[in-house]
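Enquirer: Below, each chain spelled out in residue letters.
2 protein chains.
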Amino acid sequence: MARVTIKEIARRAGVSKGAVSYALNNQPGVSEATRARVLKVAAELEWVPNRAARQLSAARSETFGLVLARTAKTLGEEPFSMGFVGGVESVLARTSYALALQVVADLPAELATYRQWAAERRVDGVIVVDLRVEDPRIPLLRKVGLPAVLVGDPSLADGMACVWTDGTSAMNAAVEHVASLGHRAVARVAGTPEHGHVWIRDQAFTAASLRLGLDVQVVHTDFSAEEGATATRALMTANPRPTAIIYDNDLMAVAGLAVVQELGLRSPHDVTLVAWDDSTLCRHTHPTLTAMSHNIVGYGAEVMCRLLDLLDGARPQAHLYSTPLLIVRDSSGPPPP
Amino acid sequence: MARVTIKEIARRAGVSKGAVSYALNNQPGVSEATRARVLKVAAELEWVPNRAARQLSAARSETFGLVLARTAKTLGEEPFSMGFVGGVESVLARTSYALALQVVADLPAELATYRQWAAERRVDGVIVVDLRVEDPRIPLLRKVGLPAVLVGDPSLADGMACVWTDGTSAMNAAVEHVASLGHRAVARVAGTPEHGHVWIRDQAFTAASLRLGLDVQVVHTDFSAEEGATATRALMTANPRPTAIIYDNDLMAVAGLAVVQELGLRSPHDVTLVAWDDSTLCRHTHPTLTAMSHNIVGYGAEVMCRLLDLLDGARPQAHLYSTPLLIVRDSSGPPPP
DNA sequence: CGTCGTTACTTAACCGGTTCGGCAATCCAG
DNA sequence: CTGGATTGCCGAACCGGTTAAGTAACGACG
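Sequence lines, in order, name chains A and B. Quick note: the first sequence uses our numbering, first residue -16, plus one each step. Quick note: the second sequence uses our numbering, first residue -16, plus one each step.
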């Protein structure tokens, strides 16, 4: 079964290669009758365009890129990346675009990947996650001219297209929740402060606690279950200890809950726990975990749509996706007397 | 900054396009002096080969494909896929190959993707996960001539290259573990029996329990935390109830543990729980979970290496990657009296 | 010294599309 | 009825590589 090319279609339809190309791409230059005939022949022969050939002449790769700077191990553990990728794919499936996913070790490797992709013309655009404060990826992408949608706050995006969730409002909601339960000593187990969303939540946490007159502390971690557990152990064995802890993801919250139990304490009786991101994990612990919930899959889908818009000529804009919603579950309660 | 092509290199080095190609690809046909000169010019101009052009003439895409038939949501929750992808990428990073990842809804969509990829010559080979009993993907891949490495038992691979872990031995170890603790009523919360590895574990579970004279039952689920919880609740509220439960992944085991606690029972006092896959989650529950541990990242890496071998002309073989190792943790104990 | 075989290139075709310039045929206005 | 614009299609160049075929120069050998 030899490959079917437009040359073969041209032969069978009795027209030239050029005419076939116009017909197949819905471009003017052929009559409706001819177009129909060509489409019919193409369908009969089950013609599929050759990506490489199209890319070579049209200078479009029909591929988008996504780089994840994480170790392979982390990738398997945190629920965000995969859900996000799933959302991106759900939009892509309806188009002829493909996704090039690259997992690299660190930020320099990520920058190198963008350089490589730009030079090879491998992708038509990229999605940038884990936006940082003073992110070096922004000037690089500008320089090499790769269209991009950033996932993160407009204040960090320097005018590039971005999609964000309102971390400040969400953090306010979380802090107000525990404050309204009567908590005064509140801790935050945060991720790495280089990440923009962590930084923003740090600011919001401090501001909210100041406003509400709370006694707070922040511990920074690398987002892993290990460090979430370690941080929780340190907090809960100190004197005095916090009566509420707000985590930056749900993996750390789950690990934190285990530590609380291991210390012979109970949630919410001894401590109120609030998770972030709300994967199903939070609904399948005992007690179930209060969480700031957002739709990660939908987030990925939204970002992909915005990138498609950008390629369609839309000018770069900041899009608010949604504000994480507080879901109160069994790990919320009043502080111990 | 115009794109640099081999034509430009040829002009500057004072040779023809063809000679440049030979030089850059380490092929005979040019003198060492010329080769060195060409390489120097190419380096100076920061030449990067154009993938599309190379693919068009060489009929290789330098891309491998991986299709995941899962909902976007599931993807974010189960620790296997992402860890596996991470392992695959860790090998790919050392080559010039890229990974095309496609997330689709179901098996028919997955088959369609392979057809499409084969027709477009989009990938040079694919990795096939979630091998099934009588898997329809095997004949399709044979027909369209896509080189593939299957992830699953040789008994299901029909002679195609595959990498597997010894589920039978692992299940034996798990059952012998709980039997040696004195358990006689053992349940298995399994995934969907269409999946080859589930089927193999089902067989092994039945055989082992027969051999050891245990009183067993099997509940099939869709691998989700929800159904893991439901199954556990059904098992633990029945009379008589099992004193040990072996799960097919760790998500269900974690959810099962929560149900046990919610029912006012304790592990291991009232029931011994054994998880499968052993992501870090198992070390961060209270009690920590006994699990059949295997290195998912390494598994992905191994599979990728075998696919590279296959493309290098190795003949299709079955490779045993490793046998999951029993890690005994706090959720293991003797049955209640 | 003629011939044969290597070596080191050059030339040109080719991969499968897109796209531009040009040329009849047709249409319409003057 | 004529001139200019429009329509519909053809032929060819082009994208940036790879590779088969051809050739000139040179050394070895009978």
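Where hints are given, some of them may not hold.
Identical chains blur together in the list; that is why a pair holds if it fits in one copy or across any two.
Below, in silico cross-link-like pairs of lysine-lysine (DSS-like), each with a Cα-Cα straight-line distance of 30 Å or less [to be verified]:
no., residue 1, residue 2
1, 56, 126
2, 126, 23
3, -10, 23
4, 0, 56
5, 23, 56
6, -10, 56
7, -10, 0
8, 126, -10
In case anyone wonders, no lab produced these hints; they're calculated from the structure. The structure displayed is predicted, hence computed values, not measured ones.
Enquirer: Now tell me, hint by hint, if it's right for this structure.
Expert: Here is what the structure says about each hint:
1. 56 to 126: neither (32 Å within a copy, 36 Å between copies)
2. 126 to 23: Between. Shortest inter-copy distance 25 Å satisfies the 30 Å Cα cut-off; intra-copy 45 Å does not.
3. -10 to 23: So residue -10 and residue 23 pass the 30 Å test inside one copy only (15 Å; across, 40 Å).
4. 0 to 56: Neither way: residue 0 and residue 56 sit 50 Å apart in one copy and 45 Å across, limit 30 Å.
5. 23 to 56: So residue 23 and residue 56 fail the 30 Å test inside a copy (50 Å) and across (39 Å) alike.
6. -10 to 56: neither (48 Å within a copy, 44 Å between copies)
7. -10 to 0: This pair counts as both: shortest intra-copy Cα distance 6 Å, inter-copy 27 Å.
8. 126 to -10: For residue 126 and residue -10, the Cα distance is within 30 Å only across copies (25 Å; inside one copy 39 Å).
In the structure shown, a violation is registered for the earlier hints numbered 1, 4, 5 and 6, in ascending order.
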